[in-house]
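Q: The lines below spell out each chain.
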Amino acid sequence: MLDQLARLGRSGLDYLASVGRAHLLLLRILQGLSDMLPRPRLLIQQLFSVGVLSVMIIVVSGLFVGMVLGLQGHYVLSKFGAAETLGVMVAASLVRELGPVVTALLFAGRAGSALTAEIGLMKATEQLSGLEMMAVDPIKRVLTPRFFAGFIAMPLLAALFSAIGVVGGHLVGVGLLGVDSGAYWSQMQATIDLHEDIFNGVIKSLVFGFTCTWIALYQGYDSLPTSAGVSRATTRTVVHSALAVLGLDFILTALMFGE
Amino acid sequence: MSKEEPLVKIRGLRFQRGARVIFDGVDMDIARGSVTAVMGPSGTGKTTLLKLIGGQLRPSAGSIEFNGQRVHELGHNQLFELRKQMGMLFQSGALLTDLSVFDNVAYPLREHTHLPASMIRKLVLLKLEAVGLRGARELMPAELSGGMARRVALARAIALDPMMVMYDEPFTGQDPISMAVLVKLIHDLNEASRPTSVIVSHDVAETASIAGQIYVISEGKVVAKGTPEAIAASSSEWVQQFMNGLPDGPARFHYPARALAEDLLGGRHA
Chain F
52 MLDQLARLGR
62 SGLDYLASVG
72 RAHLLLLRIL
82 QGLSDMLPRP
92 RLLIQQLFSV
102 GVLSVMIIVV
112 SGLFVGMVLG
122 LQGHYVLSKF
132 GAAETLGVMV
142 AASLVRELGP
152 VVTALLFAGR
162 AGSALTAEIG
172 LMKATEQLSG
182 LEMMAVDPIK
192 RVLTPRFFAG
202 FIAMPLLAAL
212 FSAIGVVGGH
222 LVGVGLLGVD
232 SGAYWSQMQA
242 TIDLHEDIFN
252 GVIKSLVFGF
262 TCTWIALYQG
272 YDSLPTSAGV
282 SRATTRTVVH
292 SALAVLGLDF
302 ILTALMFGE
Chain G
5 MSKEEPLVKI
15 RGLRFQRGAR
25 VIFDGVDMDI
35 ARGSVTAVMG
45 PSGTGKTTLL
55 KLIGGQLRPS
65 AGSIEFNGQR
75 VHELGHNQLF
85 ELRKQMGMLF
95 QSGALLTDLS
105 VFDNVAYPLR
115 EHTHLPASMI
125 RKLVLLKLEA
135 VGLRGARELM
145 PAELSGGMAR
155 RVALARAIAL
165 DPMMVMYDEP
175 FTGQDPISMA
185 VLVKLIHDLN
195 EASRPTSVIV
205 SHDVAETASI
215 AGQIYVISEG
225 KVVAKGTPEA
235 IAASSSEWVQ
245 QFMNGLPDGP
255 ARFHYPARAL
265 AEDLLGGRHA
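Which chain is which? The protein sequence lines are F and G, in order.
Going by my numbering, 118 is the number at position 67 of the first sequence; the sequence numbering is gapless.
Going by my numbering, 183 is the number at position 179 of the second sequence; the sequence numbering is gapless.
To be clear, the hints were calculated from the coordinates, so they are not data collected in a lab.
Backbone N, C-alpha and C fix where the C-beta goes; we use that ideal spot for every residue, glycine too.
Among these hints, one or two may not hold up.
Unchecked claim - With a straight-line Cα cutoff of 30 Å, these simulated BS3-like cross-link-like pairs (lysine-lysine) come out:
1. K191(F) x K126(G)
2. K229(G) x K88(G)
3. K88(G) x K188(G)
4. K225(G) x K55(G)
5. K88(G) x K191(F)
6. K13(G) x K126(G)
7. K191(F) x K225(G)
What the hints assert, rightly or not - Simulated coverage check for chain G against chain F, where a stretch passes if three residues somewhere in it have a Cβ under 8 Å from a Cβ of chain F:
8. 104 to 118
9. 199 to 206
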């Protein structure tokens, strides 16, 4: 009984220590901003590997999600004779929810796991120690550009996801199911609000970009420098990011759209 | 700082990881311009000692001075400034895998100097020439053999002409030719520019051939120190076992366990 209590206490303390280390790491990453600004190439390189290389999965997923929304939306709306409002339903679903959330989940799976594995392997192969001994701070040089690349790339990828999704909805709704094209676009234009819908969606994806990239970098930097350690850290990145995104989405939605 | 003062002065060093004591009251002097070897069996904390000297770890007690500065008391920025005077050759090479051989060697020069690109190119080619890999400058680390990677790492470690170069197990896992090349490189480097060198190794013959002073450590303490000849002539049974590679002696062949018969005939558990 006492042993179990001690184990519980120890794991609680370990968890708190881990949260503390993650926040200290975040602080040092943010402090690295002044060091990164005179070296924009570092950020551009990371924007490419974190952002540009994620474009394909975002485009394909966005298209299919938009097409499914078109099919399902038409099924429900046509029952109430409101099939012309399909564009509003597709766009609102994407811009408010699915764009930021699904993009963040895909980002965690593709870019987040890659970041964790990269940092973890750099640690395991002593590259981070090597930088330290060359009097180069690995947090400033390696982690900070990756963090800001993730933070910047996420809203851009989410915007792309939503835009492609709207096109996917149009392909199915207008092309296959016979919704009027003019009604699809004009209803959307009249109803979707720049501040209420689009800005709130952008805020969500900024929060998700911050969180997912932070989790990915922390897990990589804190991983055990072994193959099993890096593998576990990569799994943790995907699981923790997905849970954080879904939890934060509920909180943000309640704050933004709750009555 | 007088020329006679050792470059690295370690006094009463104690370091522990959790309950395990790695060093307990270690005193060590590393003379300027010398080649000092730290030897001992695997797991005695030789790499840890280099990390303590480089300020990557902090001692539990005692002091470590480098060129008159107490390493463990320095702040973040001062420590990074101090490391510009140190070069370190990691056992794995620790080359940046997304940069070519040339860019790896140029990395510290680009980070810490304002030299023009043409000057950096010349310096990098000279360093690569010194390790015999000028022709491999376009290769990526994944295309190098283990010995070549270590030579590139050596070129990078000496890129800034540091006061001290630390070698972490430079000969481990090398074929006889690569090992001979590395021994020659370290020897020639020391003859040419006389940096202070610290070699951590358990390769007895190779290390003894280039070291001026040897410290043998075991179970957290310095068990012998002196010139290679003095160490070879040591009367300590433990030192003799280590230097001559004997399988049994004061350092037991068997990990502590209960009697074999008791184990075989005893319980069902592992």
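Q: Take the hints in turn and mark each one as holding or not.
A: We went through each hint and held it up to the structure:
This hinted pair checks out: K191(F) and K126(G) have alpha carbons roughly 28 Å apart, not beyond 30 Å. For the proposed pair K229(G) and K88(G), the alpha carbon gap of about 29 Å is at most 30 Å, so the pair holds. About 25 Å separates the Cα atoms of K88(G) and K188(G), which keeps this hinted pair within 30 Å; it holds. Restraint check for K225(G) and K55(G): the C-alpha separation of about 17 Å stays at or below 30 Å, so the hint holds.
Between K88(G) and K191(F) the CA atoms are separated by roughly 17 Å; this keeps the pair inside 30 Å, and the hint holds. Of the supplied pair hints, the one linking K13(G) and K126(G) is violated, its CA atoms being roughly 36 Å apart against a limit of 30 Å. Of the pairs offered as hints, the one joining K191(F) and K225(G) is violated, with about 37 Å between alpha carbons and a cut-off of 30 Å exceeded. Here the region 104 to 118 of chain G counts 4 residues with a CB under 8 Å from a CB of chain F, which clears the bar of 3, and the coverage holds.
Coverage of the region 199 to 206 of chain G by chain F is violated. Counting CB-CB distances below 8 Å, 0 residues qualify, and the rule asks for three or more.
Of the numbered hints given earlier, the model fails hints 6, 7, 9; all others are met.
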